[in-house]
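Engineer: Build the full structure now, drawing on both the sequences and the hints.
There are 4 protein chains.
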Amino acid sequence: MFQIRSDLALEIRELYKENTQQEIPGVEVEQKKQEFATITHVKVLNQEGSKIMGKPEGSYITIESPSLKKADADVKDALSQLLAKELVNLIPNKSNFKTLIVGLGNWDITPDALGPQVVSKVFVTRHFFEMYKKTDDPTMRPVSAISPGVMGTTGIETVEIIRGIVEKTKPDLVVAIDALASRRMQRVHTTIQISTTGINPGSGIGNKRKELSQHTLGVPVIAIGVPTVVDAATLANDTIKLVVDALSDQASKESEFYKLLRGMSDEDKYSLIKEVLDPYGANVIVTTKDIDVIITNISQVIANALNIALHPGIDLKDVNRYLQ
Amino acid sequence: MFQIRSDLALEIRELYKENTQQEIPGVEVEQKKQEFATITHVKVLNQEGSKIMGKPEGSYITIESPSLKKADADVKDALSQLLAKELVNLIPNKSNFKTLIVGLGNWDITPDALGPQVVSKVFVTRHFFEMYKKTDDPTMRPVSAISPGVMGTTGIETVEIIRGIVEKTKPDLVVAIDALASRRMQRVHTTIQISTTGINPGSGIGNKRKELSQHTLGVPVIAIGVPTVVDAATLANDTIKLVVDALSDQASKESEFYKLLRGMSDEDKYSLIKEVLDPYGANVIVTTKDIDVIITNISQVIANALNIALHPGIDLKDVNRYLQ
Amino acid sequence: MFQIRSDLALEIRELYKENTQQEIPGVEVEQKKQEFATITHVKVLNQEGSKIMGKPEGSYITIESPSLKKADADVKDALSQLLAKELVNLIPNKSNFKTLIVGLGNWDITPDALGPQVVSKVFVTRHFFEMYKKTDDPTMRPVSAISPGVMGTTGIETVEIIRGIVEKTKPDLVVAIDALASRRMQRVHTTIQISTTGINPGSGIGNKRKELSQHTLGVPVIAIGVPTVVDAATLANDTIKLVVDALSDQASKESEFYKLLRGMSDEDKYSLIKEVLDPYGANVIVTTKDIDVIITNISQVIANALNIALHPGIDLKDVNRYLQ
Amino acid sequence: MFQIRSDLALEIRELYKENTQQEIPGVEVEQKKQEFATITHVKVLNQEGSKIMGKPEGSYITIESPSLKKADADVKDALSQLLAKELVNLIPNKSNFKTLIVGLGNWDITPDALGPQVVSKVFVTRHFFEMYKKTDDPTMRPVSAISPGVMGTTGIETVEIIRGIVEKTKPDLVVAIDALASRRMQRVHTTIQISTTGINPGSGIGNKRKELSQHTLGVPVIAIGVPTVVDAATLANDTIKLVVDALSDQASKESEFYKLLRGMSDEDKYSLIKEVLDPYGANVIVTTKDIDVIITNISQVIANALNIALHPGIDLKDVNRYLQ
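Protein chains in written order, with the working numbering: chain A, 1 to 324; chain B, 325 to 648; chain C, 649 to 972; chain D, 973 to 1296.
If you're looking for bench data, these hints aren't it; they were derived computationally from the structure. It is possible that some hints are incorrect.
What the hints assert, rightly or not - Pairs of lysine to aspartate or glutamate residues, derived as DMTMM-like cross-links and limited to a Cα-Cα distance of at most 25 Å, are as follows:
(1) A:K70 to C:D725
(2) B:K394 to D:D1046
(3) D:K1140 to C:E778
(4) B:K457 to A:E157
(5) B:K613 to C:D760
(6) D:K1042 to B:D401
(7) D:K1140 to C:E815
(8) C:K816 to D:D1144
(9) A:K70 to C:D722
Structural biologist: See below:
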């Protein structure tokens, strides 16, 4: 059994289908098209699906919209609304429901700064509730937010920091925002993934203690991720596939070498490339030139969506009024 | 008895002396001049001194250097060395001594970003100790660092966040870096204050629970602060004094109005101005145009000093090699 | 005859009226209130008005809106529309009409970066016309844009740089965007001034050769300015006035000193304060803490307005689509 | 005859040698090793060399140092010194020799911002000479500097803007700083190229009028460039080569497909890949995560070198004093 690694559940399912011409067993997929976006719900229903996906059981919702990276205010509003609707379905409609928003990533490194930028823009209210000893408000619910930084700059596992804060502030829900890597350039800056299973940094074996999840934090964790880079090995892999396809027309399909290349699974090729690229280091990223502007735009979409979804008194009409 | 409010112990003592022509009882002052800086040790020895100063008993060390705001690499190195020496005197020389550096302030607001900028530049090592299960190293000691943000963007009291992290990571010392406000424009960007008593945000009555100190965190707290702004009321106050002085030569010193103005204590005048300025809001700051560059320079000086003071294997010669 | 110095025509007229209880001769003033803004047209009609104002004959249009500094998307759109309407009245409705937008100021210094930020956001099209040898297009007109920097970083008078570019590219109009200083804190970030007379840096005597105007560039120059700072002397001056007013109730109005203070003209007081503050240097600015965010918001309002006003095919509905 | 395209003369020569196992005729190469760097002088001596290189006759000096991307102050100083020495050899030692420094690229896009960041850091002096009508000074020479932006944001060919400024300010020399693309990831952030032939944006046929050179500006142009990105096609190309090499061991070298792949020239493969990648757009870049910090460091090295090389009164000891 092979294992496709990607931050996006959608991509794993896609690559699985390409390789096997069938759906992943134990995984349910539903898709709806909207004016500005395609929304796909991938549900990992049981252990079998979970094993193949390399992701815990739960819901993975993907909003795909090539317009996400645009500065168009109307489209941004529409996407905030779409995202807010999906979030509302996942968040209990209780007054005084407490949410902690966690912006993961390094704010000094642009493609990694999505989480911290969302945190700078959301409407935080927990301190008002504390100050005035409120337990209830018709227009808002208690929201707090933090960008803890990354282990390279803090020296502390992110989960340790968040666990400390969760114990002190006792939220009912953690929403974690993170920049992801995609396997496909086309998904970069165009895709938002919501998942009910939290975040698994590295998501390899033995990293259990590092994940941000109900398991480690004691409260449900919704993760919101946007791919902002492609890793170099992925790009090389995709390109080789395209080049081999292009060359195939010129080469005899019976040739040994061609068969060798075609016969390798995508994962084998990916591993080979990864190995070959190793000296370049994990520090190499593939992204777009205009990433500074795009991260600003997308973080606004997500912050607006969170403001709408978390506060009953905010709807799209006035949401920009609450942008920090 | 009157109360002068300032983030800088040095200023309070100075203003007290100006007003009363005597030293504050219960406060010891010592000054030494160096090539690039004047270093003043203000020791608040007892409750009487503490009451007048409005600051807890402890040591307040001020390094004053007009060159601090310059980009001159040699002077920056000299000041890092001076600051490191003062810190070394305050930090136990034990291997495996664990320090948590806390960068206070909002990284999106330039004059407030000093703490976060220092945190981005210090050399953190705690995760190496954790990963390799080290308890000891000849060249480094375990250092972690965090910029928690401010209550306006997190919704959480900073002390709650830090207390959570201190409980999880158990440092032996917290060093907190903060941008301060000065009463005098000349001190802005030219002064570093170290204190052994932690940080009292607002430092008014009833704010006890908000302070970052041994009292609230359970471990000693060293605070490092640099004034990056003057508050508007201060500037107005200083100016009025200068203008009244200038006008006095033209006015009869016997005049009632003159006597009224001269007769008011500085603190009364300051309060009056504060009240008058209220509609402008606390949001108004007085600073210098080149603050972006200056904050970068000063945060480098402080990060270098911390790297030298905390890690036995780092001295000035190689300190820039460890700048993140 | 006294001379009030301010970047804002509105303020000069206001201060004149306060001091003399009459309108400036040779100056016509008209005001209309709108939903989000008050618009004031100050027309300097002749030499007498020009002398008193310290500004050339021409139109000075001020849009005042406390909402300008807000992030509210709807209000921003409304203000862009208002500004666009005023600009349309000043710009000939000719196809192939060529405009050069000049962003004055230093992009590394936040309160000075308004012009450069507008330039990064406007929709430039001149190169399409050049590439395809177009002379005419139903939806757009040729627009170019440059941020030349300031003399301190270029070593060149800005007018020399712009004159060189005007000679090479032959625009029909220059629109120059600049950050201004206001006399009143309340105007900071809330006011847009359009003037048909260009820009006079320093605007003192002998600076004629430095101005950006039809006189120096050979084409009409429209200036758009927004106050982003108050100078320190102004703040001190305003405060003294408020404090003296507050104190007056306690002092006999017959006192000599009071009369001295009251008797001084605002300008005399301002000069005295300026002199007293001199050691602080011109580098001191008074602004608001959240200036980074506000400059971004206002530059978007202005860039949108320019896009609507300059390109017949762009209206408010799609204007954000053309934001760079 | 084939044509290798690269911004770096060194790379073209290297790839030529790899493909042909011989030196390029009409090109002289000399290499010296220093403590922190390898310096290579490539001289294109005649038309034949120029044709093969795709670069004008002239000198191309490359300083290669893996330490360039480090923050180490001592190494940065050593590299500034090395670069300054090479520049001094190219710049006439005349008092009152006027230099205009041009920072090419878009300051809003990090990997493109090298030129503008150097311009913000160099010591400009021309305005002092103008103000005091100096023609001569023992410590400094008249230097001006500008970052004109890129055609996408100005709507004007950069050469038109610079020509306008050259005509107005009459410098004796233009030094243009630009971010380059490399063919090899290892060269990114580790290489400085100086050339005496100016800059050819795109450098394809028909672009003659766009180049910044003595030909278009009327004064000599020295170009300083640093590769800050690899283009995606290059990365894919390099990887394919490595993968094919790795696979070859498993495949019969007699296979048709293998021969096809091996038989293609690098340039043919590059073109094929370029075509295949086209939908991704030219907007895709490959760089390193820490590019923000690295661009700051490298721009400091170059600014220091220019300050030392252009002003007789500045040497390494005090150079940081003149950093803006």
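Engineer: Hints first: check each against the structure and report whether it holds.
Structural biologist: To see whether the hints hold, each was checked on the structure:
1. A:K70 to C:D725: Holds, because 17 Å separates the two Cα atoms, which is no more than 25 Å.
2. B:K394 to D:D1046: At roughly 19 Å apart (the allowed maximum being 25 Å), D:D1046 and B:K394 satisfy the hint.
3. D:K1140 to C:E778: OK: D:K1140 and C:E778 at ~24 Å, within 25 Å.
4. B:K457 to A:E157: holds (14 Å)
5. B:K613 to C:D760: holds (9 Å)
6. D:K1042 to B:D401: holds (18 Å)
7. D:K1140 to C:E815: Satisfied, since the Cα-Cα distance of roughly 10 Å is no more than 25 Å.
8. C:K816 to D:D1144: holds (20 Å)
9. A:K70 to C:D722: The given pair, whose Cα atoms are some 18 Å apart, holds under the 25 Å limit.
Hint compliance for this structure: no hint is broken.
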